[in-house]
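S.K.: Protein chains in written order, with the working numbering: chain A, 1 to 363; chain B, 1 to 363.
FYI, nobody ran anything at the bench for these hints, they're computed from the structure. On a predicted model such as this, the values are computed, not experimentally measured, just so you know. Be aware that one or more of the hints could be misleading.
If chains are identical, the list can't say which one is meant, so a pair holds when it fits in one copy or spans any two.
[To be verified] Below, simulated DSSO-like cross-link-like pairs (lysine-lysine); rule was C-alpha separation at most 30 Å, straight line: (1) Lys317 to Lys357; (2) Lys317 to Lys348; (3) Lys226 to Lys170; (4) Lys239 to Lys317; (5) Lys289 to Lys361.
Number of protein chains: 2
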Amino acid sequence: MEQSQHRYCVIMCGGIGSRFWPYSRVERPKQFIDFLGTGRSLLQLTFDRISRIVPSKNIFFITNEAYDGLVREQLPEAEPANILLEPARRNTAPCIAWAAWHIAALDPQASMIVLPSDHVITREDEFAASVIRGFEFVERNDALLTLGITPVRPETGYGYIQIGQSVEEKINKVKTFTEKPPLDLAKVFVESGEFFWNAGIFLWRADVIKAALFKNAPDVAAVFEKASDGVFVDPAKEKEFIEKEFSSCVSISIDYAVMERADNVYVETVSFGWSDLGSWSALYDLSPKNGDGNVTQNCTVLSYNSHGNIFAIRGEKLIVAEGLEDYIIAEADGVLLICPKAKEQKIKQMVIDAKMKFGDKYE
Amino acid sequence: MEQSQHRYCVIMCGGIGSRFWPYSRVERPKQFIDFLGTGRSLLQLTFDRISRIVPSKNIFFITNEAYDGLVREQLPEAEPANILLEPARRNTAPCIAWAAWHIAALDPQASMIVLPSDHVITREDEFAASVIRGFEFVERNDALLTLGITPVRPETGYGYIQIGQSVEEKINKVKTFTEKPPLDLAKVFVESGEFFWNAGIFLWRADVIKAALFKNAPDVAAVFEKASDGVFVDPAKEKEFIEKEFSSCVSISIDYAVMERADNVYVETVSFGWSDLGSWSALYDLSPKNGDGNVTQNCTVLSYNSHGNIFAIRGEKLIVAEGLEDYIIAEADGVLLICPKAKEQKIKQMVIDAKMKFGDKYE
Numbered sequence: 001m002e003q004s005q006h007r008y009c010v011i012m013c014g015g016i017g018s019r020f021w022p023y024s025r026v027e028r029p030k031q032f033i034d035f036l037g038t039g040r041s042l043l044q045l046t047f048d049r050i051s052r053i054v055p056s057k058n059i060f061f062i063t064n065e066a067y068d069g070l071v072r073e074q075l076p077e078a079e080p081a082n083i084l085l086e087p088a089r090r091n092t093a094p095c096i097a098w099a100a101w102h103i104a105a106l107d108p109q110a111s112m113i114v115l116p117s118d119h120v121i122t123r124e125d126e127f128a129a130s131v132i133r134g135f136e137f138v139e140r141n142d143a144l145l146t147l148g149i150t151p152v153r154p155e156t157g158y159g160y161i162q163i164g165q166s167v168e169e170k171i172n173k174v175k176t177f178t179e180k181p182p183l184d185l186a187k188v189f190v191e192s193g194e195f196f197w198n199a200g201i202f203l204w205r206a207d208v209i210k211a212a213l214f215k216n217a218p219d220v221a222a223v224f225e226k227a228s229d230g231v232f233v234d235p236a237k238e239k240e241f242i243e244k245e246f247s248s249c250v251s252i253s254i255d256y257a258v259m260e261r262a263d264n265v266y267v268e269t270v271s272f273g274w275s276d277l278g279s280w281s282a283l284y285d286l287s288p289k290n291g292d293g294n295v296t297q298n299c300t301v302l303s304y305n306s307h308g309n310i311f312a313i314r315g316e317k318l319i320v321a322e323g324l325e326d327y328i329i330a331e332a333d334g335v336l337l338i339c340p341k342a343k344e345q346k347i348k349q350m351v352i353d354a355k356m357k358f359g360d361k362y363e
Numbered sequence: 001m002e003q004s005q006h007r008y009c010v011i012m013c014g015g016i017g018s019r020f021w022p023y024s025r026v027e028r029p030k031q032f033i034d035f036l037g038t039g040r041s042l043l044q045l046t047f048d049r050i051s052r053i054v055p056s057k058n059i060f061f062i063t064n065e066a067y068d069g070l071v072r073e074q075l076p077e078a079e080p081a082n083i084l085l086e087p088a089r090r091n092t093a094p095c096i097a098w099a100a101w102h103i104a105a106l107d108p109q110a111s112m113i114v115l116p117s118d119h120v121i122t123r124e125d126e127f128a129a130s131v132i133r134g135f136e137f138v139e140r141n142d143a144l145l146t147l148g149i150t151p152v153r154p155e156t157g158y159g160y161i162q163i164g165q166s167v168e169e170k171i172n173k174v175k176t177f178t179e180k181p182p183l184d185l186a187k188v189f190v191e192s193g194e195f196f197w198n199a200g201i202f203l204w205r206a207d208v209i210k211a212a213l214f215k216n217a218p219d220v221a222a223v224f225e226k227a228s229d230g231v232f233v234d235p236a237k238e239k240e241f242i243e244k245e246f247s248s249c250v251s252i253s254i255d256y257a258v259m260e261r262a263d264n265v266y267v268e269t270v271s272f273g274w275s276d277l278g279s280w281s282a283l284y285d286l287s288p289k290n291g292d293g294n295v296t297q298n299c300t301v302l303s304y305n306s307h308g309n310i311f312a313i314r315g316e317k318l319i320v321a322e323g324l325e326d327y328i329i330a331e332a333d334g335v336l337l338i339c340p341k342a343k344e345q346k347i348k349q350m351v352i353d354a355k356m357k358f359g360d361k362y363e
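Given these sequences and hints, build the entire structure.
M.R.: Next up, the structure:
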């Protein structure tokens with residue numbers, strides 16, 4: 001596949017994935033885990049997918065300082081200079097801003113794709129074709145492009161994008177962004193054909209996102225504008241600058257800071273078997289089930305009168321279950337979680353409670 | 001406390017305790033486990049209790065060959081010659097018969113108490129007084145004496161003994177033995193004041209139980225009568241004899257073989273805080289509970305909307321539970337069990353199923 005030398009990728013891999021606790025831990029968050037049992041972590045799968053399209057030397061990783069070692073360990077093919085280490089967690093807008101300033105300094109003609117590192121994509125050829133179409137669009141237009149996934153069910157756990165005027169095949173202006181809808185509304189959205197899942201995958205030229213940040217999130221842009229000439233092409237200077245300035249950014253998402261405010265926002269409607277793998281239920285839905293509708297990960301289960309559960313136990317173990325319906329049973333590194341799937345939104349709070357009671361031990 | 005030199009004790013400790021799987025395992029059954037967190041296993045506690053009354057050199061252990069090492073390890077004060085090793089599991093009648101033949105050969109005047117090794121007794125002074133009263137009775141009478149525990153609730157998991165004519169203070173003839181009753185009947189039993197729990201603790205003289213076996217279980221008695229003179233006082237000869245003959249005994253309980261048939265059966269009514277610790281529910285009932293009515297053994301639990309559970313996890317671990325009511329959550333040595341307390345009678349079958357599917361690994 002032809003690879004343009006001006007195309008770049010930023011893989012965001014600094015999240016802590018607490019919705020998958022206790023499997024996903026501060027020390028090894030979900031993107032570094034082989035969740036699908038393929039032998040490759042979600043981050044490695046993300047890299048594999050995009051490296052068919054973007055030259056390896058143009059693939060950047062932006063993550064927390066704590067995960068430098070994990071990225072190097074899992075991706076020996078990554079350029080060490082391409083691992084950008086955040087000294088603090090500031091959500092996606094400052095993260096993307098830094099990447100944009102960095103890449104623009106290397107290549108003023110750069111176009112870039114921003115990828116989360118913890119999604120699942122099953123149809124990689126369609127993914128590749130969609131990404132190429134997206135690159136071509138943003139290279140021709142001063143556009144902020146987001147990918148909208150054709151919904152296959154009235155999911156209430158995702159945000160939706162309503163499409164506006166069509167500008168070319170599969171590309172429309174964005175009319176609205178909508179937060180996670182209640183089920184009734186989600187059903188209406190899906191039936192209408194006008195609403196697509198917001199995947200959090202973006203394409204744009206580096207100069208275009210920089211301009212959008214200046215306009216819509218000037219306080220974030222101002223932090224990076226402080227850098228004197230040459231900072232973003234000199235690793236030692238950049239490190240010093242980031243250590244000093246990055247934490248002064250407000251913590252804000254790129255959606256809220258830019259996408260919902262800018263007027264040059266477009267959506268490419270795509271369909272490539274996508275899941276954000278955002279929760280145990282999402283993993284359950286995605287996984288093959290046995291005759292009783294149970295999903296097992298890495299473990300052997302003997303079950304009686306038990307249906308709709310997901311058993312995810314790290315380490316060789318036999319689980320014997322009786323009378324469990326629709327539970328998550330997950331264990332890793334000294335923590336066993338037993339929680340109804342319907343209550344999984346409580347897991348984040350459980351992690352906080354465990355930290356309050358027991359310190360960092362189980363975080 | 002004065003100890004009669006003609007008083008003996010037989011501690012039966014060969015059971016596999018599969019109702020406490022996966023905590024209790026073939027390799028280390030429940031009597032070898034410190035279930036109460038006191039620092040002493042149930043077997044050790046049994047030994048401690050009886051050694052106040054019976055001289056240590058008169059305390060015998062009868063167990064499966066596989067547990068020789070565990071008994072020696074846990075009770076270095078036991079006489080090695082007093083550990084009788086069964087080459088096969090044949091229930092309690094052959095086990096007690098061997099012990100009776102052995103002890104009678106050592107001391108024709110012997111009286112003996114037979115104790116299970118996996119019971120809990122909380123009031124040890126009352127236990128000691130009851131046992132002494134029992135010894136005194138069987139030393140004066142050709143009696144088979146069983147202890148009947150004053151019931152404190154209409155338990156449906158125990159057998160009951162109905163008392164007949166009183167023969168002296170706290171000692172009556174046995175009228176009937178009754179299997180585990182349904183709840184309605186158990187309530188009537190308890191209210192009547194005539195029914196006592198069958199604890200499976202027996203006292204008799206060695207010559208009296210031998211005579212009772214000859215009369216009521218002649219096929220079992222015949223096996224031990226085959227032994228030529230001196231076999232039961234010569235360890236090498238006894239071992240050879242037992243290896244050759246023990247397995248030919250039928251597998252039968254002492255209750256069924258003798259107690260329910262003999263006419264010289266008496267019950268001493270006692271009250272010393274007894275539990276047979278026969279199941280997870282029994283352990284739950286016996287254990288201190290937290291504010292949510294949960295019991296934890298060896299583990300740290302963070303629970304939400306969860307009540308009436310018993311969490312027993314070997315090894316340091318945090319358990320986080322949401323929405324669990326009245327479950328057993330037990331883990332040890334590579335097996336995690338999650339089962340409603342009300343379904344615990346299925347555990348024995350689960351062990352069998354696990355063996356069928358995975359071999360001895362999880363037995």
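S.K.: If the cutoff is 30 Å on CA atoms, where do lysine 317 and lysine 348 land: within, between, both or neither? Let me know, please.
M.R.: both (26 Å within a copy, 19 Å between copies)
S.K.: Regarding lysine 239 and lysine 317, is the shortest C-alpha distance of 30 Å or less found within a copy, between copies, in both, or in neither?
M.R.: This pair counts as neither: shortest intra-copy Cα distance 45 Å, inter-copy 40 Å.
S.K.: Give the relationship of lysine 226 and lysine 170 under a CA distance limit of 30 Å: within one copy only, between copies only, both, or neither.
M.R.: Answer is neither: 39 Å inside a copy and 94 Å across each miss the 30 Å cutoff.
S.K.: Up to 30 Å between alpha-carbons, please classify lysine 289 paired with lysine 361: within, between, both or neither.
M.R.: For lysine 289 and lysine 361, the Cα distance is within 30 Å only across copies (25 Å; inside one copy 33 Å).
S.K.: Is it within a copy, between copies, both, or neither that the alpha carbon of lysine 317 lies no farther than 30 Å from that of lysine 357?
M.R.: both (28 Å within a copy, 14 Å between copies)
Hints 3 and 4 from the earlier list are contradicted by this structure; the remaining hints agree with it.
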